[in-house]
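Modelling step: build the complete structure from the supplied sequences, incorporating the hints.
What follows is each chain in one-letter form.
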Amino acid sequence: EDQVTQSPEALRLQEGESSSLNCSYTVSGLRGLFWYRQDPGKGPEFLFTLYSAGEEKEKERLKATLTKKESFLHITAPKPEDSATYLCAVQDNSGNTPLVFGKGTRLSVIA
Amino acid sequence: KAGVTQTPRYLIKTRGQQVTLSCSPISGHRSVSWYQQTPGQGLQFLFEYFSETQRNKGNFPGRFSGRQFSNSRSEMNVSTLELGDSALYLCASSLQGTNTGELFFGEGSRLTVL
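Chains as they are written, first to last, in the working numbering: chain E, 1364 to 1474; chain W, 231 to 344.
Check before you lean on any hint, since a few could be wrong.
The calculated label-pair distances, taken between Cβ atoms and stated as ranges, are [unchecked claim]:
id, chain 1, residue 1, chain 2, residue 2, range
1, W, Q326, E, E1378, 36 to 42 Å
2, W, T310, E, G1379, 49 to 55 Å
3, W, T283, E, P1371, 39 to 45 Å
4, W, G314, E, E1419, 39 to 45 Å
5, E, K1405, W, G288, 19 to 25 Å
6, W, P269, E, N1459, 26 to 32 Å
7, E, T1368, W, I242, 31 to 37 Å
8, E, K1422, W, R303, 30 to 36 Å
9, E, S1383, W, G246, 24 to 30 Å
10, E, S1382, W, E312, 36 to 42 Å
11, E, E1380, W, N307, 45 to 51 Å
12, W, N307, E, K1405, 20 to 26 Å
13, W, Q247, E, Q1377, 45 to 51 Å
14, W, Q271, E, E1419, 26 to 32 Å
The set of hints was computed from the structure by calculation and includes no laboratory data.
Bear in mind the structure is a predicted one, so any value in this text is a computation, not a measurement.
We treat Cβ as the ideally placed atom computed from N, Cα and C, and that holds for glycine.
Quick look at the structure:
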């Protein structure tokens, strides 16, 4: 059974204090790993897709990386508007399977 | 371009009642997926519809059902509501289905069961 574990559950940073969020996964064969951002009262918003170990994607202050067992979402010099819950999801390659989500990391960036 | 629209946004029901939630996907998107989100379990997959056919189903009891219409709009129904069904129900649409992983979510329908 596919599993996704995200850590930490919550993270509080000062503005400008860089850090990383972790997503560990277990999947028989990885089709893709996905990062989403969810603001309070809203649905998740797609950020990145990673397909193979060693791949990296960047968007503004966010950079996602992938290894064979985990993914990291690096946040460089965060701003208060980066505060949100960040969700990681995986999809295995055994056909038309749904995404399996982790429970997320709740990030708070304090000015 | 209009996003995914879910109605109603909030609703309160009592145990034993039933509820129907509606989702209008982004124009041109043929796939609609439904997820249940709770603080304890996170996002859990309910089902996916593609061109009016259920393509995938999660591990939920038969009280949870859904359908998709020819215009790609989708509804999900929960019968005989239980307290544990209180959750945020999210609908997501995509052009071709969950294969690409890029899902466009609505803002959800928050269901409270008393």
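Evaluated hints:
The beta-carbon spacing between Q326(W) and E1378(E), approximately 39 Å, falls within the hinted interval of 36 to 42 Å. Our hint of 49 to 55 Å for T310(W) and G1379(E) holds, since their Cβ atoms are close to 52 Å apart. Remark: the range hint 39 to 45 Å for T283(W) to P1371(E) is upheld by a beta-carbon distance near 40 Å. Against the hinted window of 39 to 45 Å, the Cβ-Cβ separation of G314(W) and E1419(E) comes to about 40 Å, which satisfies the hint.
For K1405(E) paired with G288(W), a C-beta distance near 22 Å keeps the hint of 19 to 25 Å intact. Distance hint check for P269(W) and N1459(E): the Cβ-Cβ separation is about 29 Å, which falls inside the suggested range of 26 to 32 Å. For the pair T1368(E) and I242(W), the supplied restraint of 31 to 37 Å holds, since their beta-carbon distance comes to about 33 Å. In this structure the hint that K1422(E) and R303(W) lie 30 to 36 Å apart at CB holds, the actual value being about 31 Å.
At about 47 Å, the beta-carbon gap between S1383(E) and G246(W) misses the expected band of 24 to 30 Å. For S1382(E) and E312(W), the hinted distance range of 36 to 42 Å is satisfied, since their beta carbons lie about 39 Å from each other. Remark: the range hint 45 to 51 Å for E1380(E) to N307(W) is upheld by a beta-carbon distance near 46 Å. Look at N307(W) against K1405(E): about 24 Å separates their beta carbons, and that is inside 20 to 26 Å.
The hinted range of 45 to 51 Å is satisfied by Q247(W) and Q1377(E), whose Cβ atoms lie roughly 47 Å apart. Restraint check, Q271(W) to E1419(E): a C-beta distance of roughly 31 Å satisfies the suggested window 26 to 32 Å.
In this structure, the one hint that does not hold is number 9.
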